[in-house]
Amino acid sequence: MTQRAGRAGRLSPGICLHLLGKEQAERAAAQSEPEILHSDLSALLLELLQWGCHDPAALARLDQPPAVNLAAARRLLEALSALDGERLSAFGRKMAALGNEPRLAAMLAAAQTDDEAATAAKLAAILEEPPRGGLVDLGPSFPVSRPTGSSERSS
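UniProt numbering numbers the first residue of the sequence shown as 1 and each following residue consecutively.
Source of the hints: derived by calculation from the structure; they are not laboratory data.
Model, not experiment: these values are computed from the prediction.
Some clues are possibly wrong.
Unchecked claim - For each label pair, taking beta carbons as the anchor points, the in silico distance ranges come out as:
1) ARG61 <-> GLU129: 22 to 32 Å
2) PRO13 <-> ARG75: 43 to 53 Å
3) GLU116 <-> GLU23: 10 to 20 Å
4) GLU128 <-> PRO66: 18 to 28 Å
5) LYS122 <-> LYS22: 43 to 53 Å
6) THR113 <-> ALA58: 37 to 47 Å
7) PRO130 <-> LEU19: 22 to 32 Å
8) ARG93 <-> PRO140: 28 to 38 Å
9) CYS53 <-> ARG75: 17 to 27 Å
10) THR113 <-> HIS18: 45 to 55 Å
11) GLU23 <-> ASP55: 38 to 48 Å
Ideal Cβ placement from N, Cα and C applies to all residues, glycine included.
Whenever a hint applies, use it, and build me the whole structure from the sequences.
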């Protein structure tokens, strides 16, 4: 909150309006915690490796990411077959080129057929931008085919 108030008078006198209740404003931290300290860093690590940066800790930042978060990101990329040692694998380069969150990029990159690619693309679109109305009925997008010759039991 203090950080935002400081911006209001930076170049000339100004005011800062907070559109929340007094109690909520008092409970709010003076400055919010940097997102890099508590975020999933797998997308960042994938992008850094694509750029050729193999040691994210060596980059000059205002806030260094926690080593445990970088290690978790590396484990995830290894599990997704995106790494070949300290570098991106061919699959990892394909993932990075897609620009999606690594889990979704792996799903998209793994598609072998047009049908698999279409299904993966639909799922990725739904997962990246969930509908504003809440729950989504996936039935029409992903019809279930039943084996021929099967019939439902009647009771």
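Which earlier hints can't be squared with this structure? 3
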